[in-house]
Amino acid sequence: MRKLYGRKRFIMSANDNTNGKKPEEEAKALSFEKGKKKAAAAAEKKQSALKQGPRVTIGWILGIIILVLIAISFVLAPAIDAFLGKRSSSGIVFGQYGKEEIKYAYGNFFYDQVQNYADEYKGSQLDQTQALFQIWKSAYDSTVLHTAVSQLATKAGIIATDKAVNRAIIESGAYHKDGKFDVQTYQKASVERRSSIEQSIRRSLPYQMVLSDVQSVLSSSAEAQYIADMAASGRTFNYLVINPNLYPDELASQFALENKQLFYNMDLSIISVATLEEAQEIQQSIASGSTSFEDAAASLSLDSFSSEEGRVGELFYYGVLSNFKNPDEALALLTAKNNEVVGPFEAEGSFALYQINRAAVEPDYASAATLSAVKRYLANSEPAIIESYLAELAQDISALARADGLLQAALAYDLELVEVPATPFNLGQSAYMSDFSYTDSTGLLASAATEDTARILFTEQPNTVLDPIKADVNFLLIETGEDVKDEGMASYISMFYNYYSGDQNQQDLSQALYTSDVFEDNFFTTFLTVILGESV
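Okay, so the sequence shown: first residue is 0 according to numbering that gives the first Met the number 0, each after it adds one.
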């Protein structure tokens, strides 16, 4: 199964080794964790850290409003009509499917979905606004699908008979005791509860019957065998990576000497807050000795470095530039002295104060760390300089590989030979077959395998060294391997194809319904203007 790795953005450290990574990972921009700082807790911390009276800000007011909205969605949804006013007394319309409105109203399917998702998100670590959005969006998507499928059921003449409804009520578990239906539990239930459960089941049965029919459609044995043969047929590959590390040290050093300022290194700590006023208040408190930079960072900073008392560590000057909305202001970091606090400076969505733990110094232009940093900078910020060299080098290695073999070329240039096991030609990203995202350990071949490139990879003769292929800041020198048949995979797909195809049928139906011309989607506008009360 494919693994997903969460990525965290940082300011570029002088010790980071991120060869081959994308520019956004190089930039090391600050990651904010506002969701982890509740409005009340943040206010209490600020009062303690700065020893000043509480201050009501616009952000605080907005936070309270959002908390009220969350409470309404989680607990008081029946009262939302009163909250939204007369204009929504008959419900909130988010869109339309065919001639039927996608409406939120007390007691309807949309309403039930909001309640269900609100229960799921209780205790969530998401930012409050994000949680509110996820609740309403998930409920909305479920309602759209339910509405569309119910219309298909009506068109097909599928109805929920009283007998089917009664059987579903008994099997629902709503009136179970000790694992089975209990008559007394049913009789003790209020009329309103019994009516609500019956109504919910009656409107859901046609929907469930359609989806069950779609999922239970069996595929022919010939179709299953065809897919199994495709999934079992693969080709192996070997390749070399010509990456920015192969750029000559002397050229990297020359570039650094011509652009010295970019590669000065320093040791920093940072505090990030939402407003200029907050940053100035913290700065004054630090200057007066009321609090230390470290304590203020730990208790008030919104970025991921707050857990380390604001400590970022060593980094090159070019690595911090992306954190400045006006990069010219970053020059203040180069002239600041040890332990000096500078700022506040505006970043994207925040204001930052910096403490210079160690003043900026000129690097050793011959050191491995500096040369590696220069090559990373060139690959991400000045790719034209480095790409021309790598392209020419790739051609030289390719000529050697064609003459003596890819392995000999790898040994001659001290490169790692990457081996990719048999992979099927999965141009359409079918869920029934593997692809390079599963079989390529480095991920570079997967990123390079565009439609045109993939066709070349699988149509060239086996054991052929291909022309160099560009993959991001790298060049790949690929050799096609052998065509292989995986009988185990063929047997597996044949055995489980009908199960997988049923799920695929449901996904295809959902996709078709969501992209239908009769679907009018106004969710985002309605959510912002009605639920959040913002103008658009």
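If you're looking for bench data, these hints aren't it; they were derived computationally from the structure. Possibly wrong hints are sitting among the right ones.
For lysine to aspartate or glutamate, the following DMTMM-like pairs were computed, each having C-alpha atoms within a straight-line distance of at most 20 Å [unchecked claim]:
#1 Lys-259 to Glu-100
#2 Lys-324 to Glu-293
#3 Lys-136 to Glu-170
#4 Lys-98 to Asp-363
#5 Lys-154 to Asp-516
#6 Lys-336 to Glu-293
#7 Lys-469 to Glu-459
#8 Lys-176 to Glu-197
#9 Lys-259 to Glu-249
#10 Lys-259 to Glu-328
#11 Lys-484 to Glu-459
#12 Lys-121 to Glu-100
Verification of the hints:
1. At most 20 Å may separate the alpha-carbon atoms for a hinted pair to count; Lys-259 and Glu-100 exceed this at roughly 63 Å.
2. At roughly 24 Å between alpha-carbon atoms, Lys-324 and Glu-293 are farther apart than 20 Å, so this suggested pair is violated.
3. Between Lys-136 and Glu-170, the direct Cα distance comes to roughly 30 Å. Violation of the 20 Å bound is thereby established for this hinted pair.
4. Restraint check: the Cα-Cα separation between Lys-98 and Asp-363 comes to about 72 Å, which exceeds 20 Å; the hinted pair is violated.
5. Between Lys-154 and Asp-516 the CA atoms are separated by roughly 18 Å; this keeps the pair inside 20 Å, and the hint holds.
6. Our distance criterion of 20 Å between C-alpha atoms is met by Lys-336 and Glu-293, whose separation comes to about 17 Å.
7. Between Lys-469 and Glu-459 the alpha-carbon distance is near 18 Å, which keeps this suggested pair within the 20 Å criterion.
8. Proposed proximity of Lys-176 and Glu-197 is supported: the alpha carbons are some 18 Å apart, at most 20 Å.
9. Proximity of Lys-259 to Glu-249 is assessed by CA-CA distance (about 15 Å); at most 20 Å being required, the pair is judged to hold.
10. For the proposed pair Lys-259 and Glu-328, the alpha carbon gap of about 18 Å is at most 20 Å, so the pair holds.
11. The straight-line distance between the Cα atoms of Lys-484 and Glu-459 is roughly 18 Å, inside the 20 Å bound, and the hint therefore holds.
12. For a cut-off of 20 Å, the pair hint linking Lys-121 to Glu-100 is broken: about 29 Å separates their Cα positions.
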